[in-house]
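Colleague: Next come the chains, spelled out residue by residue.
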Amino acid sequence: MSVEPEAHVLGGESQVAPGGLSTGATPTTRGERRALVALVRRGAIGTGGTRLVQSAIAVVVAFALGAVALAANGISPWAAYAALASGSLGGAQSLASTAVQTAPLLVASLAVGISFRAGVFNIGAGGQLGVGALSAALVGGYVHLGSGIELVAMAAASLLGGALWAAVPGLLKAYTGASEVITTLMLTYVAANLIDYAVTGPAKAPGAINQTPQLSGPALLPTLVANTQLTAAILVGLVLVPVVWLLLFRTTYGFRLRMVGLNPGAATAAGFSVRRVGVSVLALSGALAGLAGMLEVAGVLGSVPQNMSLQVGYTAIVVALLGNNAPAGILLASAFLGALTAGSTTMQSAVGVSGPFVVFLEGIMIGSVVGMPALVRAWSRRRRGAARKAGAR
Amino acid sequence: MRLSAHVATKSVTFVSDVGGLNDHGYNEFTYLGVKAGATKDHIAWHVIQTQDPSQYVQNITTAAQQSGLVICSGFAMGDALKTVAARFPKVHFVILDYSYAPPLKNVQADVFDAQQSSYLAGVVAAGVSKTHTVGFVGGVDESVLQEFLAGYEAGALAENPKTHIKVEWTGSFTNEQAGKAAAQAEIAQGADVIYTAAGGSGIGGIDAAESAHVFAIGVDADQNYLAPKTVITSAVKELGKVAEDNIAEYVHNSWKPGTQVYDLANQGVGLAPFHGLAKAVPAQVRKKLAAVEKAIASGKVVVPTKPRFPNGH
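If you're matching them up, the sequences are chains A and B in order. All the letters of the first sequence, read from the start, carry residue numbers 31 to 423 under our numbering. All the letters of the second sequence, read from the start, carry residue numbers 25 to 337 under our numbering.
Rather than coming from a laboratory, the hints here were simulated on the basis of the structure. Note that the coordinates shown come from a computational prediction; the quantities given were computed from them, not determined experimentally. There could be a bad hint or two in this list.
Taking lysine-lysine pairs in the PhoX-like style, the calculated list, with each CA pair at most 25 Å apart, reads [stated by the list, open to error]:
no., chain 1, residue 1, chain 2, residue 2
1, B, K129, B, K330
2, B, K154, B, K253
3, A, K234, B, K330
4, B, K265, B, K303
5, B, K129, B, K106
6, A, K234, B, K106
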């Protein structure tokens, strides 16, 4: 059987397609297996330092090109970036804003990161987030339980809603081979329309505004700092970082998941069901994305509005890539992009740079972070090819 | 919090709603008014564009930290503004199309008597209709929007008691397809003038009217430019004037909180010009319009706010 070192998380095309796998795999020798395990380990931890440098370069490139764009429009990049920094880090209010923006982004990015780890390209976290938000809003708006239990029920609903929404592309992929890149993305549009239908029809709150009923008291996350929007949502995100790390690196399931991501052929040879892992990873990823939606609804919005923005689901892809799909990296990257989003308001009001400028920066980052490893990979493929020859000897 | 920043120099910050500054409606015309007013009264102005409803509180807070006058567009921000206004008691806040009961101490809520301009729209509709059938395409079927229908049908029936009125609701302020479908249904039933009181959804209604070569009546802003041979007039809210008034009052220290009603009497609402379609409006209709306008402004005619025929007539 062939070993494909480029079967990598960042490869874009996922490697879990059934049929393309050697399911009736020829038995591998012990030596080959050991080499595979070594490959898995190296892929998981060995390149972390390189990736951090790559992410840092991507950020620098984005800010440099951003500065050029600002200067070309007659705006001082220095003043704009100073406003960005003051709006995200200058003072308690600004820091709170950053944390508010970070919370759902962190959870959605962990969701995306988990799927990328397994080589499954879930780019529909936005849709799963929307369905999770809607599920939580319906439970919170119509089912009244005591304080505490209410939030647990809403979280459960959002996890379930997101998981089911993502399980559909998981099953489609496992049994029909449909690419999850397409199906998860397309289901985001279905989710947006589902929200539209719900808030204009069956789940519309009384009044002229199309939205689900306003949540109150027990259905809202407790505020951490008075006079800010900072709620326990950020704590949920922070707790999930080590939980996801433990899941990925200290459980059998996590090992399988990473193995499938690094080399589905090898995973099959080792006796894992790539299909089962693929479906379950998408469901897990969707569940977390759904939870991010609940945090958004119970922490900030207080209801699901018509045209609810699902942008967090896309920004999460940037975060996961910048953070190298590692929980700690994702924490750093989500705080960074959360700060950008929070600071963009001040940048807008103080210097007149419109909000979507930050999305422009994110776009450049995604381009750099995806482009650079492709260059690095082309180089390392040659190197690994040489190593493989040496190992087979 | 830099509560003192705005004491020395006065400035105004406009917080737009989602939809952006070039939405051909609420945000755009308020923004233009803010710009014009601030320029006229020589104070600095800033804009924060909301991308997503989750930013309302943050955006209004940032605005309040920076300016002594904060103008918020649109009723969707009502709850967020209430939260922020309580935290910045010295800042003056303005919200359009929303009011608080009881009124807040540092917020001016500017509302429009849209039933009055809708009445005039009804007079025009019935006055130019050849089929004696006119259509109404509304957004969300709620009391705020029912005022538009109430005025429209009262005006149409006053102009010609034999007029039939078709009523459709799109359930949305953004869904153009729904607006189109609603207008097409009414045109199929013989309506040859369509009044669209449905925000962005109504633009679909104007499209449908243009394709079917019947007249449309725009809403909120002068929408003639969308279809110059179709939009005979528009029932406008003078959003820019509201922004300018607030800025002038703030600069001259005469700004007051509470609910401020904009109506025909203070020229806060009215009809847009007929532009190139003036010939389609018979002289006696125009004469009647002028008389009715005066009667409403003086209070001689009181326009109802609840529709007599909510499902058409």
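Colleague: Going straight from one Cα to the other, do B/K129 and B/K330 come out at no more than 25 Å?
Modeller: violated (30 Å)
Colleague: For a C-alpha distance cap of 25 Å, please report whether B/K129 and B/K106 respect it.
Modeller: This hinted pair holds, its Cα atoms lying about 10 Å apart.
Colleague: Would the hint linking A/K234 and B/K106 be met if the CA-CA limit is 25 Å?
Modeller: holds (22 Å)
Colleague: Within a Cα-Cα threshold of 25 Å, do B/K154 and B/K253 meet the stated pairing?
Modeller: holds (17 Å)
Colleague: Is the straight-line distance between the alpha-carbon of A/K234 and that of B/K330 25 Å or less?
Modeller: The hint holds at about 22 Å.
Colleague: Take the C-alpha atoms of B/K265 and B/K303, compute the straight-line distance between them, and say whether it is at most 25 Å.
Modeller: violated (29 Å)
Consistency with the previously given hints fails for numbers 1 and 4, ordered from lowest to highest.
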